[in-house]
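Asks: Given next are the chains, with one letter for each unit.
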Amino acid sequence: MWKVYKYTLIDLARNKFVGGWLLLLLAISFGLFQLEDQPLKAMLSLTQVLLALVPLVASIFSIVYLYDAMEFTELLAVQPLHRSKILGGQMLALGTALVLGTWIGAGIPLMIFQAGSAAFTLVLACTMLTLVFTAMGALIAFKNREKARGVGLGLVVWFLFVLVYDAILLWIMYAFSDYPIEPWIVPLAALDPIDLGRIMVMLKVDLAAMMGYTGAVYEKFFGSMAGTFLALGALVAWVAVPSAWAFKAFQRKDF
Amino acid sequence: MARVIFEKTGKRYGKLWALRDLSARFEPGETVSVIGPNGSGKTTLIKCMLGLVHATTGTIRVNGQVVGNDPAYRHQMGHMPQISRFPNELKIGQLIDLMDDIRGNDMQRSEGPLIRELGVDRMLDKRLGTLSGGQRQKVSAVLAFRYAPTVLVLDEPTAGLDPLSSEILLSAVREIKRTGCTVLITSHLMEEVEAMADRIAYLQDGGLQFLLSPEEILEATGQTRLSRAIPAMLANNVKRHVESL
Chain A
24 MWKVYKYTLI
34 DLARNKFVGG
44 WLLLLLAISF
54 GLFQLEDQPL
64 KAMLSLTQVL
74 LALVPLVASI
84 FSIVYLYDAM
94 EFTELLAVQP
104 LHRSKILGGQ
114 MLALGTALVL
124 GTWIGAGIPL
134 MIFQAGSAAF
144 TLVLACTMLT
154 LVFTAMGALI
164 AFKNREKARG
174 VGLGLVVWFL
184 FVLVYDAILL
194 WIMYAFSDYP
204 IEPWIVPLAA
214 LDPIDLGRIM
224 VMLKVDLAAM
234 MGYTGAVYEK
244 FFGSMAGTFL
254 ALGALVAWVA
264 VPSAWAFKAF
274 QRKDF
Chain B
287 MARVIFEKTG
297 KRYGKLWALR
307 DLSARFEPGE
317 TVSVIGPNGS
327 GKTTLIKCML
337 GLVHATTGTI
347 RVNGQVVGND
357 PAYRHQMGHM
367 PQISRFPNEL
377 KIGQLIDLMD
387 DIRGNDMQRS
397 EGPLIRELGV
407 DRMLDKRLGT
417 LSGGQRQKVS
427 AVLAFRYAPT
437 VLVLDEPTAG
447 LDPLSSEILL
457 SAVREIKRTG
467 CTVLITSHLM
477 EEVEAMADRI
487 AYLQDGGLQF
497 LLSPEEILEA
507 TGQTRLSRAI
517 PAMLANNVKR
527 HVESL
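Taken in sequence, the protein lines are chains A and B.
Quick note: the first sequence uses this note's numbering, first residue 24, plus one each step.
Quick note: the second sequence uses this note's numbering, first residue 287, plus one each step.
Honestly, I wouldn't trust all of these hints.
[What the hints assert, rightly or not] Quick list of in silico lysine-lysine cross-link-like pairs, DSS-like style, CA-CA up to 27 angstroms:
1) B/K301 with A/K170
2) B/K412 with A/K26
3) A/K271 with B/K301
[Claimed, not checked] Far from chain A, by Cβ distances over 12 angstroms, these chain B residues were calculated:
4) M287
5) A288
6) R306
7) S309
8) E316
9) A341
10) A358
11) P367
12) D383
13) S418
14) L450
15) I454
16) E478
17) Q490
18) L504
19) T507
[To be verified] Heads up, incomplete: computed chain A residues facing chain B, CB under 10 angstroms, no partners named:
20) D91
21) A92
22) F95
No wet-lab data here; the hints were simulated from the structure.
Even for Gly, the Cβ is constructed at its ideal location relative to N, Cα and C.
Model the full structure from these sequences, guided by the hints.
Replies: Below you can see the structure in the form of structure tokens.
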């Protein structure tokens, strides 16, 4: 598995898109901190941007990369290697490249301008979201033969989590505001990994207004610390389930 | 014991059986040409052997090992696909290193002269993304022959190769055959089939129509050239011919 990992990582390190992503993140991060007088405000803007952009890039890039590498994956699959080790190496390499991109592109500016537990949590949330959407990207890539279909599906999934699900959740909260639905919000919010990332960050920022309803519920029920860990745990599950599913799809795949 | 044994192997895609109830044995040291119209199941047959496609029914054995979850049998196999694509950013040398790495101790067995003859040894620093289709085929051929396989599977190996390289490749096939390697080649070129095949497997609609030596085919049809004998054999009732043998 580590051999596949090593060579996939070499391939990724030379990939222009990964470098471009890193530069884009650097530009956004430094730009926001330069434009805004208050670093905290800049960080909040950055949070909004990252929570939308990181899942999009992670899933679409993973999908495109895995489709483009399919013939090479086929070459690996005829070697005396277990399929699980091939996919394990590839997914870890993708995760490593994208996570490193986020750490350097967003992590370094954050540590320069706004070092603290909130900034650290933001980087952690982005890391987890990268892994979640890399796993979902792999699942999509191995479940669909066509690249265009896979990319389209990746966009739909991203759109669903970044916008549609939030809207539905808001509508539910509004429609049932007369009832004690708060306990239901905890599991419902956990069904959206991007929401979980947002909750994690907002629990660390002392701005109740920014927390949003779901964040407020998490703090009310679990307090800041436990809420963070609960959200993190849910995100780990969000990595594990699509990964396991992707491995199963890859085992059964006919090339 | 036969090198490769297909026992009632079938593969279904949705409603379509790409391969149906195929039984065949391939012996050590023989070259079998797999021929048939487009979509007759040639590539599916090869991919089932390599474990790239999971057979729906039946079993396949390579060197006595059942093709399934244990990938160990593939230490003995070499494969050249119809189209090869590699990671664009890797160099040829790095790709070969990666394969050597994966094959591990298979390396000690042999390194043929093919890499030199095809000129791949002079391109080791080239990035794979910059190669032409034919050059990629050459790299693919080098990898297929590199680990002294006892079963070599070539899917239209000379398509896209220049005539000289095709000849080099085919003589490498003759060479490796002498070591007792079983070679399966798919091809649409009758001259190639005529020159290489010890036996010819004809597939149609996923079924094996016949598996005969060129002499047997010529005898059954009364023709002198394979390129005429095979259509003749198909035009008439194949079964009748086979039974008459």
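Asks: I'd like to know which numbered hints this structure contradicts. Please list them from smallest to largest.
Replies: Numbers 9, 10, 11, 12 - these are the hints that the structure violates, sorted from lowest upward.
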